[in-house]
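Protein chains in written order, with my numbering: chain A, 297 to 386; chain B, 7 to 126.
Calculated directly from the structure, the hints in this document are not laboratory data.
Careful, some of the hints might be misleading.
Far from chain B, some chain A residues (derived; all Cβ distances over 10 Å) [to be verified]:
| id | residue |
| --- | --- |
| 1 | 335 |
| 2 | 362 |
| 3 | 386 |
Pairwise CB distance ranges (calculated) [stated by the list, open to error]:
| id | chain 1 | residue 1 | chain 2 | residue 2 | range |
| --- | --- | --- | --- | --- | --- |
| 4 | A | 305 | B | 110 | 43 to 51 Å |
| 5 | A | 353 | B | 111 | 46 to 54 Å |
| 6 | A | 297 | B | 31 | 26 to 34 Å |
| 7 | A | 341 | B | 66 | 38 to 46 Å |
| 8 | A | 352 | B | 8 | 39 to 47 Å |
| 9 | A | 354 | B | 58 | 19 to 27 Å |
Non-contacting residues of chain A with respect to chain B, defined by C-beta distances greater than 12 Å in every case (computed) [unchecked claim]:
| id | residue |
| --- | --- |
| 10 | 305 |
| 11 | 319 |
| 12 | 321 |
| 13 | 322 |
| 14 | 328 |
| 15 | 337 |
| 16 | 338 |
| 17 | 340 |
| 18 | 343 |
| 19 | 349 |
| 20 | 368 |
| 21 | 377 |
Beta carbons are placed, not taken as given, at the ideal position from N, Cα and C, and that holds for glycine.
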Amino acid sequence: MTLHVVNKPPSNLAITSCLAVVLPGDVVLLIEHGVYCGSVSVPEGVSMYAMDLDVHARGLDDRIPPNVPLIDDARFVELACEHNPIVTWA
Amino acid sequence: MTSKKILFLLRSPPYAGSQAYETLESLLVTAVFDQEVSVLFADDGVYQLLKEQDPSGIGTRSVGAGLKALSTYDVERVYASTASLEERGVPLGDVDLAVETLDAEQISALIAGQDAVISG
């Protein structure tokens, strides 16, 4: 299963292009400006997470829906180890 | 050395800084080391496939000309997103490069089959 990392805001096509090709079981991780994509709807079977520090930094805590858990660096590392390949939609 | 499947996901337009050219260079180096390299042009990356590129006036090297090196380096898995080409009106057959178009489902399968994906 693939880990998709998105670090661009919705104005970039990164999240759109990513969600067009995700497969059930894949994980989408929002980091940096990618956390502005927190309210997009994700296909069934796909999990989405957001980096807590990037969310807090931008004052988005109340805007990230409950189905998008916030994760820390340690969990990011775990996700990177659990998935292959890793696609950064930079 | 074990060969790995490595996909270069090219989403940057040419001449947005040197990103497109530098990614192309790293792609060619990877190919030299006998890895199973494939290339996917998507989003604004499909603009790299326009034929009449002449960046001499903006003082930079031609990305389009650089792409001609792909076949020399035996990079034969060259793909482009059908949707990205259509949305931007970029025709295929414009470049001297055999490019296969892929829909979203085919792109999903391509990514899932890789050992590593490098974006540029």
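Structure-based check of all given hints:
Every CB of chain B lies more than 10 Å from the CB of residue 335(A), the least distance being 22 Å, so the non-interface label holds. A cut-off of 10 Å between C-beta atoms confirms that residue 362(A) is not in contact with chain B; the least separation is 27 Å. Chain B draws residue 386(A) into its interface by the beta-carbon criterion, the shortest separation being 5 Å against a cut-off of 10 Å. Between residue 305(A) and residue 110(B) the CB atoms are about 22 Å apart, so this pair departs from the stated range of 43 to 51 Å.
Distance hint check for residue 353(A) and residue 111(B): the Cβ-Cβ separation is about 37 Å, which falls outside the suggested range of 46 to 54 Å. The hint said 26 to 34 Å for the Cβ distance between residue 297(A) and residue 31(B), and at roughly 31 Å that hint holds. Under the hint 38 to 46 Å, the C-beta atoms of residue 341(A) and residue 66(B), about 44 Å apart, fit the expected range. In this structure the hint that residue 352(A) and residue 8(B) lie 39 to 47 Å apart at CB holds, the actual value being about 42 Å.
Checked against the hint of 19 to 27 Å, the pair residue 354(A) and residue 58(B) fails, with Cβ atoms roughly 42 Å apart. Every C-beta of chain B lies more than 12 Å from that of residue 305(A), the closest at about 15 Å, which supports listing it as non-interface. Non-interface status of residue 319(A) relative to chain B is broken: a Cβ of that chain comes within 12 Å, the nearest being about 5 Å off. Not every beta carbon of chain B lies more than 12 Å from that of residue 321(A), the smallest distance being close to 10 Å; the non-interface claim is violated.
For residue 322(A), the non-interface assignment is contradicted: its Cβ lies about 9 Å from the closest Cβ of chain B, within the 12 Å cut-off. A cut-off of 12 Å between C-beta atoms confirms that residue 328(A) is not in contact with chain B; the least separation is 14 Å. Under the 12 Å C-beta cut-off, the non-interface status given to residue 337(A) relative to chain B holds; the minimum distance is some 16 Å. Annotated as non-interface, residue 338(A) keeps its C-beta farther than 12 Å from every C-beta of chain B; the closest such distance is 15 Å.
Every beta carbon of chain B lies more than 12 Å from that of residue 340(A), the smallest distance being close to 15 Å; the non-interface claim holds. For residue 343(A), the shortest C-beta to C-beta distance to chain B comes to about 16 Å, beyond the 12 Å cut-off, and the non-interface label holds. Distance check for residue 349(A) against chain B: the nearest CB is about 22 Å away, which clears 12 Å, and the non-interface claim stands. Residue 368(A), annotated as away from the interface, keeps every beta carbon of chain B farther than 12 Å; the closest lies near 24 Å.
The claim that residue 377(A) lies off the interface holds: its Cβ sits roughly 14 Å from the closest Cβ of chain B, which is beyond the 12 Å cut-off.
Violated hints, listed in ascending order, are 3, 4, 5, 9, 11, 12 and 13; each of the other numbered hints is respected by the structure.
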